[in-house]
Amino acid sequence: MINYIVKRILYAIPILIGVNLLTFTLFFVVNSPDEVARLHLGNKRVTQEQIITWNQERGYDKPLFYNKSEKGLESFRKTIFYEKSLKLFLFDFGVSDSGRDIKYDIKQRMWPSLAIALPSLFVGLLINITIALFFVFFRTTKVDYYGVILCVALMSISSLFYIIGGQYLISKLMHLTPISGYEHGYEAIKFLILPVIISVIYGIGSGSRWYRSLFLEEIEKDYVKTARSKGLSESAVLFNHVFKNALIPILTGVVVILPLLFMGSLIVESFFGIPGLGSYTIDAIQSQDFAIVRSMVFLGTVLYIIGLILTDISYTLVDPRVRLK
Amino acid sequence: MSKLLNVKNLSLEIKSSNKNILKNINFDIYKSEIVSLIGESGSGKSLTALSIIRLLEKSCRITDGEINYLNKNILLLEEKKMRAIRKNEISMIFQEPMRSLNPVMNIYDQLKESYTVKNTKNIKKEIINNLVSVGISDAERVISLYPHQLSGGMKQRVMIAMAIACKPKLLIADEPTTSLDVTIQKQVLDLLLELKNKMNMSILFITHDLAVASQISDKIIVMRDGEIIEKANTTNFFKNPKNTYSKSLLDSTHYLKKENKKETNHNDNTLDIKNLRVYFEESKSFFSKQKKFIKAVDDVSIKIKTGSTHAIVGESGSGKTTVAKAVMGLAKITSGSIKIQNKDISNLSSRETINHRKNYQMIFQDPFSSLNPRMRIGAIIKEGLCFLNPEINKKEMDFLLEDVLYKVGMTNDALKKYPHEFSGGQRQRIAIARVLVLNPKLLICDEPTSSLDVTVQKQVINLLTEIQRRSNVSYLFISHDIKLVSSISDTISVMKNGKVVESGKTFDIINHTKNEYTKKLLSSVPQIIN
Amino acid sequence: MVTFLLTDIFFYIIILSLFLYIRYVINTPDILETWSYVFKNKTGILSAIVLSFFMMIAFLDSIHFKEKIYNNDKKSYVYSSEIKSLLDTILIPMYENTEKSYSSPFSGHLYTKETIKVSDKIEERDYPKLLHKGNHNKYFENNLYNIFLTLIIALAKSFLISIFIYLIIFRRTLFKKDNRMISALFDNKFLFLSVFSIISISLVLYDLSFQYYVLGTDKVGVDVLYKSIKSIRTGILIGTLTTIVMLPFAVFLGIFAGYIGGIVDDIIQYIYTTLNSIPSVLLIASAILMLQVFMANNPLEFENIYERADMRLFFLCMILGLTSWTGLCRLLRGESMKLREVEYVQASKTFGLSKFSIIVRHVMPNIMHIVIITVVLDFSALVLAEAVLSYVNIGVDPTTYSWGNMINAARLEMSREPVVWWSLFAAFLFMFILVLFANLFSDVVRDAFDPRASKHYE
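Residue numbers (the numbering used here), protein chains in the order written: chain A, 1 to 325; chain B, 1 to 530; chain C, 1 to 458.
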């Protein structure tokens with residue numbers, strides 16, 4: 001087991017290197033730091049000195065790969081590639097373009113993100129599975145037929161409408177919850193209810209339809225017929241046999257996104273003013289703070305890869321057919 | 001004897017098309033007798049079985065008739081009572097043991113569901129006894145395993161254990177041995193007979209194989225296109241079938257013994273395989289450098305004289321298909337040599353290979369996957385011709401196509417059609433035409449009939465012998481069916497686990513084999529008992 | 001003078017390839033049969049018609065030209081710098097008139113009170129009357145009567161047009177070609193009914209918009225209905241152009257990885273796993289941010305804002321395409337690996353066919369269904385993604401008409417008092433219709449092309 005995990009982590013390294021090189025190319029080679037600086041300083045009538053100082057303040061004044069003015073190892077270490085890209089591997093995210101410590105921000109902001117994402121995920125999972133089982137129970141009837149069409153309709157509405165509509169209806173008209181904002185501690189709950197509800201409702205369409213198709217795929221398999229021929233009741237067949245098998249893809253699908261929950265939801269957080277990593281990212285994108293975007297890309301990748309490893313491990317735990325190699 | 005089950009005027013249709021697929025089915029099953037339901041694919045035999053246990057797909061609807069179990073019409077029972085019947089009185093075994101067991105539950109949990117009493121201690125003992133009674137000796141170990149850890153035969157035994165757990169009065173077995181090797185098939189059949197006698201139950205046995213039916217059953221029912229066309233006592237049926245279709249079914253199990261040609265003057269070999277080895281590398285581990293090999297073919301030598309048929313017989317996993325693939329260049333040879341018409345095919349340059357390739361060709365097992373569904377028949381047959389004879393002109397091509405279609409017994413209008421418009425037998429003819437058009441000297445037939453119905457099987461075999469008689473082509477015939485092979489081949493190699501255990505003239509091997517494995521194979525083949 | 005924007009050319013290519021594909025389908029019986037399943041299905045035919053109607057609007061909106069502006073001497077002229085589309089000339093009642101600011105649907109006055117000079121001396125605060133519409137009724141003074149009569153007349157017109165279409169097109173194809181498959185496709189009352197309803201809905205809207213702002217006006221007084229209709233092109237382009245960009249990558253790399261295997265497979269797998277590991281929003285955001293910097297620093301030679309906005313739309317599609325090919329690539333890789341072992345491919349190998357010809361003859365035709373399912377399935381997701389990206393400011397240019405931009409603006413409008421709801425409503429309605437029918441269509445297409453999935457819907 002440990003052997004396997006170590007191996008999986010080793011496999012992840014080339015991917016992280018690839019991601020790192022890709023982001024480096026995107027952020028420093030496609031556009032030189034000077035050009036980025038010019039954009040930030042407002043394009044027109046920017047003097048060369050202004051650019052140089054802007055770059056100096058943020059450490060972008062070094063050469064990309066090789067620093068001729070330094071000697072030995074230092075000529076590699078005093079470069080943008082080392083300081084801005086390689087250091088990410090040590091989770092040293094550095095300072096944002098506006099001068100804030102990114103690592104500190106991340107530590108502060110990941111908990112509010114998790115506070116929304118985790119309940120949204122699990123409440124959503126519960127509701128979607130229930131609805132899907134309901135559809136499966138009434139399969140080949142009108143209930144299922146129109147239910148699926150309703151799901152497609154729900155899926156066809158942009159998430160933005162759910163948020164704007166929900167905010168308008170529940171907060172502005174009915175005054176049930178605050179429109180936006182956040183407080184730490186237990187006070188947070190009243191700010192979290194609405195975003196969680198909206199995330200769950202938004203997920204119902206695609207989620208329950210997807211689970212329904214997983215259940216139906218299982219229900220047509222031969223072993224279900226065997227189970228029925230044993231004289232088991234329909235609910236026993238559904239829960240002991242179909243559910244158990246369909247749960248495998250559902251469970252592993254959940255595990256893969258678990259680590260990514262820290263990253264939060266971009267839009268929900270920004271609409272509801274939750275100080276999580278999602279709104280952090282959006283703010284960074286909108287203010288073109290590339291240092292933060294770079295860090296978030298790397299962090300997101302690492303979390304995704306962790307999710308993949310956890311998925312593989314969870315497969316071996318729930319599916320007897322899969323053995324670690 | 002008293003009547004256990006009575007099926008009366010049963011009719012069934014598919015909801016969407018309103019097409020009757022079962023028409024007026026009538027038959028009885030008495031206590032402790034075995035009734036065989038025989039028919040080719042699409043005859044409705046499985047649907048009949050599923051109607052009895054009421055597990056039909058929702059797309060089917062019973063339109064008429066009664067199914068009386070102990071004088072009670074079970075079609076009228078509410079689902080709850082029907083469930084009780086399934087639990088205690090009628091059980092069923094399905095064709096595919098791999099797919100019929102729940103992959104994520106262990107054997108114990110799955111068997112436990114068949115028992116009504118929920119006393120864990122007793123149940124465990126009972127399950128173990130039950131497994132032992134179906135011939136699983138190390139039942140203690142097996143109950144904690146998962147289905148994928150068992151072999152096909154073991155799985156079917158578990159299925160049987162599950163079915164007899166409730167001591168049913170009626171056991172429905174839907175082609176329970178079709179996906180198993182012959183030796184395993186025999187064991188399972190023997191087991192069913194033994195259990196039937198011990199437990200005094202009746203069995204409705206569904207099969208396409210007349211020989212199997214003749215061995216096991218008391219009564220025979222023949223179905224075709226959703227109708228029963230003959231019902232008879234087993235002995236009477238095999239002595240004197242009344243219906244013409246039953247006769248043709250029975251006929252198709254006998255092949256004309258190949259007329260003993262005069263020892264051919266050609267002494268040259270069309271195919272000469274020497275010490276062939278094909279090893280597959282097992283997916284190597286990341287850390288260990290040690291390579292593991294699966295020896296698919298291990299030191300196999302085969303010679304085929306011009307115009308004769310050599311058969312390779314073996315059970316699944318014996319490596320017989322790999323030999324064919326190696327000859328065709330579809331599997332990489334580890335060592336050894338393959339000479340076709342005295343040319344070693346591994347030494348040829350790519351140009352020479354192309355020139356040589358039209359001399360040896362292959363017919364695949366499954367005519368449904370061996371024809372590209374997106375290509376017209378004309379294009380399919382032309383493909384090899386165009387590539388291997390690029391200089392051919394259109395007129396010659398048209399002539400060749402017409403000629404080859406005539407040879408395989410089809411007409412010209414097939415050329416513009418697509419594969420899905422043809423039946424399995426017709427598709428196999430097209431597959432034969434595709435290679436025949438190249439006029440090969442050696443044809444490798446990889447189980448060319450095993451996915452076809454028996455009557456069609458015979459037609460295809462006849463076609464192949466006819467072609468050989470006319471064009472003096474040599475066959476390398478690969479099959480699991482030693483009975484079939486014995487009637488059409490001149491020489492035989494019996495393979496097991498990648499090795500040839502015995503080879504020689506067909507007559508000698510069939511009649512005077514000394515090898516234990518061949519004996520076992522031969523004795524396992526079901527024969528029609530007259 | 002006809003001008004071609006970059007995206008126009010690509011859109012023409014898409015339409016052209018669509019026609020080529022239709023021709024290919026008609027000539028290939030088994031694929032035609034699969035598609036005829038789609039068109040015999042009521043949901044399928046309805047959504048196909050709605051989608052092609054949207055496509056048609058997008059096409060009309062993709063034929064651009066510059067108008068001649070005559071000088072005073074009425075002979076010499078210059079071309080206007082403004083680029084108009086064919087759709088604009090059709091939508092003239094909506095295109096030409098603008099008001100001062102917000103006005104609600106069917107209203108005759110602005111949404112907010114202003115100080116109006118009644119005469120030289122008297123001023124009062126009231127809702128100013130609209131300049132062009134809302135109180136210029138054609139038939140009745142009374143709004144309700146007037147709307148009702150306009151509606152009836154529009155319906156009558158569309159009825160006549162539909163009968164005309166039915167007689168000319170449907171009947172003729174029926175009689176001319178004795179193709180049973182094609183006539184079966186069109187021998188469908190439901191088809192005719194849905195064409196009729198689309199024609200009548202659009203005619204009603206069109207006739208009404210001569211006299212009213214059916215969906216109100218926005219902050220600078222532009223007809224919201226006009227904006228929503230113009231956004232169709234943006235939505236459709238993002239949904240289709242993106243797929244066109246990614247298809248070659250996905251198809252070729254997927255097939256090569258799956259069919260050839262070995263080191264090629266390893267490299268391609270590495271590339272798509274790496275790209276796939278980056279959360280897609282972040283990857284798209286980074287690429288677009290970098291594009292913004294690039295465009296800011298390298299002012300390419302744009303004649304005007306239209307071309308600049310168009311360029312940005314084009315790059316957006318490119319970036320979305322380059323970041324979204326991995327999923328399809330993985331699917332195709334798996335399928336090609338399976339096909340490699342299928343007997344008809346093995347049979348071709350025994351003929352000695354080269355890898356390339358096997359791929360072209362056997363692999364490609366047998367993976368096309370996956371490509372089609374993915375293209376149709378991705379379409380709706382991309383239309384939805386546009387809105388989100390525009391909200392984050394990394395979508396289309398703010399001057400481009402798009403539902404995303406409309407929603408973005410609506411965020412402020414919704415917090416006004418009293419609330420301005422019609423922009424959001426319009427964007428919602430149009431987007432919902434397009435995405436809903438795209439989703440329904442993709443469901444039917446998937447059922448037709450993937451028989452395994454179809455069982456669930458019977």
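Keep in mind the hints are simulated off the structure, nothing from the lab.
Treat the hints with caution; some may be incorrect.
Claimed, not checked - Going by beta-carbon spacing under 8 Å, a handful of chain A positions derived as facing chain B:
1. Lys78
2. Lys87
3. Ser98
4. Arg100
5. Asp222
6. Thr226
7. Arg228
8. Ser229
9. Gly231
10. Ser233
11. Phe239
12. His241
Claimed, not checked - Listed next, the in silico DSS-like pairs over lysine-lysine satisfying Cα-Cα at most 25 Å (straight line):
13. C/Lys349 - B/Lys441
14. B/Lys339 - C/Lys349
15. C/Lys117 - B/Lys58
16. B/Lys58 - A/Lys244
17. B/Lys23 - B/Lys8
18. C/Lys117 - C/Lys129
Ideal Cβ positions, reconstructed from N, Cα and C, are used throughout, including at glycine.
Hint check:
no.	hint	verdict
1	Lys78	violated (37 Å)
2	Lys87	violated (29 Å)
3	Ser98	violated (45 Å)
4	Arg100	violated (42 Å)
5	Asp222	holds (4 Å)
6	Thr226	holds (5 Å)
7	Arg228	holds (6 Å)
8	Ser229	holds (4 Å)
9	Gly231	holds (3 Å)
10	Ser233	holds (6 Å)
11	Phe239	violated (12 Å)
12	His241	holds (5 Å)
13	C/Lys349 - B/Lys441	holds (18 Å)
14	B/Lys339 - C/Lys349	holds (19 Å)
15	C/Lys117 - B/Lys58	violated (76 Å)
16	B/Lys58 - A/Lys244	holds (23 Å)
17	B/Lys23 - B/Lys8	holds (11 Å)
18	C/Lys117 - C/Lys129	holds (12 Å)
Hint compliance for this structure: hints 1, 2, 3, 4, 11, 15 are not met, and every other hint is.
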